[in-house]
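Enquirer: Starting from the structure of chain A, add chains B and C where the hints point.
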Amino acid sequence: MTHRWGMTVDLDRCTGCEACVTACRTENNIRIAGPEQAAKGRSIAWIRVERYYEGDFPDVRVKFRPVMCQQCDAAPCEPVCPTYASHHNEEGLNAQVYNRCIGTRYCANACPYNVRFFNFGNPVWERPLELQLNPDVSVREVGVVEKCTFCVQRITAGKDQAKAEKRELKDGEIKPACVQSCPTSALVFGDLNDPESEVSRLSRSSRGTKLLEDLGTQPKVTYLQKQY
Amino acid sequence: MKALYALYSDPDAAQHAVEELRRQGVSDQLITVITSQPYEEYEFSHRYKQTWIFWIAAAGGVVGLLIGLTLAYMTATLWPIVTGGMPIVAWWPNIIIMFELTMLGAIIATVVSLLVTTELPATRSRVYDPEVSQGKIMVAVEEPSDVDVPRLERTLRATGIQEVKRVV
Amino acid sequence: MDLRTEQKINADLLRPLRHTSMSFYSLVAILGTIILVGFGSWMYQMWNGLAVAGIRWPIFWAFYITNFVFWIGISHAGTLISAILRLVNATWRRPVTRCAEVITVFALMIGALFPIIHLGRPWLFFYLIPYPSERQIWPNLRSPLAWDFFAISTYLTGSTLFLFLPTIPDFALLRDQMTGWRRRIYGVLALGWQGTTKQWHRLEAAMQIMAIAIVPVAVSVHTIVSFDFSMSPVPMWHSTVFGPYFVAGAIFSGIAALIVAMAILRKVLHLEEYLHPVHFQNLGKLLLLMSLLWGYFTFVERLTTWYGNAPAEMAVFWATQTGSYAPLFWTMVFCNFVIPFPILAIKKLRTITGCVIASSTIIAGMWLERFLIVVPSLATKHLPYTWSHYRPQPVEIMITIATFAAMVLLYTLFSKVVPIISIWELKVGGDAPTHLTSEEEEEKRALWRVRP
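Residue numbers (our numbering), protein chains in the order written: chain A, 1021 to 1248; chain B, 14 to 181; chain C, 10 to 461.
No lab work stands behind these hints, which were simulated from the structure alone. Be aware that one or more of the hints could be misleading.
Said to hold, decoys possible - Across the chosen pairs, the derived CB separations fall in these ranges:
(1) A:Gly1075 with C:Ala319: 19 to 27 Å
(2) C:Leu45 with B:Asp25: 52 to 60 Å
(3) A:Thr1176 with C:Arg144: 16 to 24 Å
(4) C:Thr169 with B:Ala171: 46 to 54 Å
(5) A:Asn1154 with C:Val347: 53 to 61 Å
(6) C:Pro336 with A:Ala1058: 25 to 33 Å
(7) C:Ser142 with A:Ser1226: 48 to 56 Å
(8) C:Tyr140 with A:Ser1226: 50 to 58 Å
Keep in mind it's a predicted model, so treat the numbers as computed, not measured. We put the beta carbon where it would ideally sit given N, CA and C, even for glycine.
Just chain A, same shape as in the assembly:
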């Protein structure tokens, strides 16, 4: 049975600690922009925690929303890429092929969630930071667009492991870096095609909503609304 990878984010549990952001950066060899470039809007964060403040002091309420690529089934970023760099794979992921990307950035504009990022320069890691690069993930050169892949290298590794051991994948066995590092288990990842998996169960929750659902992108990330 083919997998259909999805994620749920429990906004009740999210504390805004950004461990997911740090883990993602480390796992996926995301380049460091530096303070000047970051001030100019060139920093890359495949997952980001959006912070919204409501009300005035002392009745301030802060809302955190981790936003990563929603791996939309009707992704607006896919048909607009002229070189098929952005396309849909069989497991429902929106795949980005860096080799085919010529950097038109149309996909980045079309994405309503703004989860696509462009490499404004070649990556530079000051010594000894280049020693911590993940060998499973390619380093992107200047001019290509990149985004969250649901840690596809971990998905592939998990599937290969299960195949080598001649067994089925267990629910919760594959964890993207953000899911693995979340201290409150706010992020849950799994196979939506398996009705018993935790992610399927949580997606059916009455608290479940999708981000910008009315645009018709059919995202596969379900946000569980915060309860006050």
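Expert: Coordinates of chains B and C only, in the frame set by chain A:
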């Protein structure tokens, strides 16, 4: 001899010369009128008006359409990649490709048939006189047989031309 | 038309090709320098990556795409004037057609350069070309950028041929009148044209077909350029009116560019006897029509957005009406409508100078309009966390200026080697050069710098 010609300053005189030549029995096919601009209103300009070029352009458009159809269908099915939930062969966008290639086909067919029917670029040297671009109209008889040359020269001189030129 | 008039036309319209003044050389030198600096800026950008430009997350398209749409828009001048007026047999178009067709070809070439300049990896631009490659993959024909490729290639081919075909008889004239190596080159370009009845008929038939074919192509080209925006769910991009809006805007800016070009040519090349005030007045009337049409489309788009009150779209709407983009927006409305409308509507003001003033403001206003379509929407997308601002950087400004210089330079060089008014078409129309008024004669004599 290749041609015999005279240069006229105005189209009426040229028309008169053409009629005189016809009266002498020269067939229309051998009379060539060369001008620096098209004189639509004059009768000497009415030959060769019929043309197949519109049909050729339409045929070129059809060829372009077929190429567009093939390209769109073939390139999508050769390596079917799903994008945005759209079908592999998406007909709405394909209409655009097909339209553009139709027009390109029509345009290229028009230009090619223009070049072919006017025999441009010219490979062999043709009858011409640079005075034509100064505004003169050339009335020429192509490939006259040697017997007819003196008679034709007289005809052309009778229309008021001092000099009748020969091209060998 | 008698021989003397014909020869006068030949002499007048070939004079720019025969005599070159110092001002020509200095103009070429200045423009060449600007273009070199612009080219250097592009190389600098290619070397250092797009970090040197002003684009940022999430405003990934800015100046370069603005310029792309702007130049493709300018290229709609030639088609309207040449093709449509040819089809309706408007004879006043005759001296104007080649000026217009040249604008089209060069604006297209410049505009087609920008999709390459703005790429992240421009050395791989050929991935867009549909050919059986060793990568065994074809471009995605569902993408509007692939449609751009087909549309612009077709239009460029079509308009280059549309420019070249009626120039063949003029090349024949040049072959006869020039000497030396120039004669050989013009001889090659003339393809051995004689001017037989058959050749004239075929040429006219071919031009008729080209005129019929090029109009839908031109409409489709700018519609497809508008699809670059309307095919994505960005607020205030995803609008069904974009197709006609862009085409109307393109024709609008194209006619304005044509008027400016014609006015400059008339003064610099002393073509006062050939480009009459009536040409400018007729083009001015067309420009007025397009100004009204542009105003209509802008109003319709804004009214539907405002009335619909969708939150994401209203954010962009207010950003342009009263927010940080408001100064640019209202300048644009001023330049495109408020200033040109009275100048072009009142007959007394619709002089050559009036038309040029209106056209210059329109060119600036239309550039602003392209900018205001691209940037505010990207700066104010669906998620407010992502809203930001754009600041153009020197690289982008320099490249923009260099393309304007390139247009002027290409035009200048073209008018030096090819007569900018179609000589045979002028003669066919029976347009004998008119006698100038005594003031125009004085002006002409005072400006005469060419030694015969």
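Enquirer: Would you mind marking each hint as holding or not holding in the structure?
Expert: Outcome of the hint check:
1. A:Gly1075 with C:Ala319: 19 to 27 Å: holds (26 Å)
2. C:Leu45 with B:Asp25: 52 to 60 Å: holds (57 Å)
3. A:Thr1176 with C:Arg144: 16 to 24 Å: holds (23 Å)
4. C:Thr169 with B:Ala171: 46 to 54 Å: holds (48 Å)
5. A:Asn1154 with C:Val347: 53 to 61 Å: At 59 Å between Cβs, range holds.
6. C:Pro336 with A:Ala1058: 25 to 33 Å: holds (28 Å)
7. C:Ser142 with A:Ser1226: 48 to 56 Å: holds (51 Å)
8. C:Tyr140 with A:Ser1226: 50 to 58 Å: holds (54 Å)
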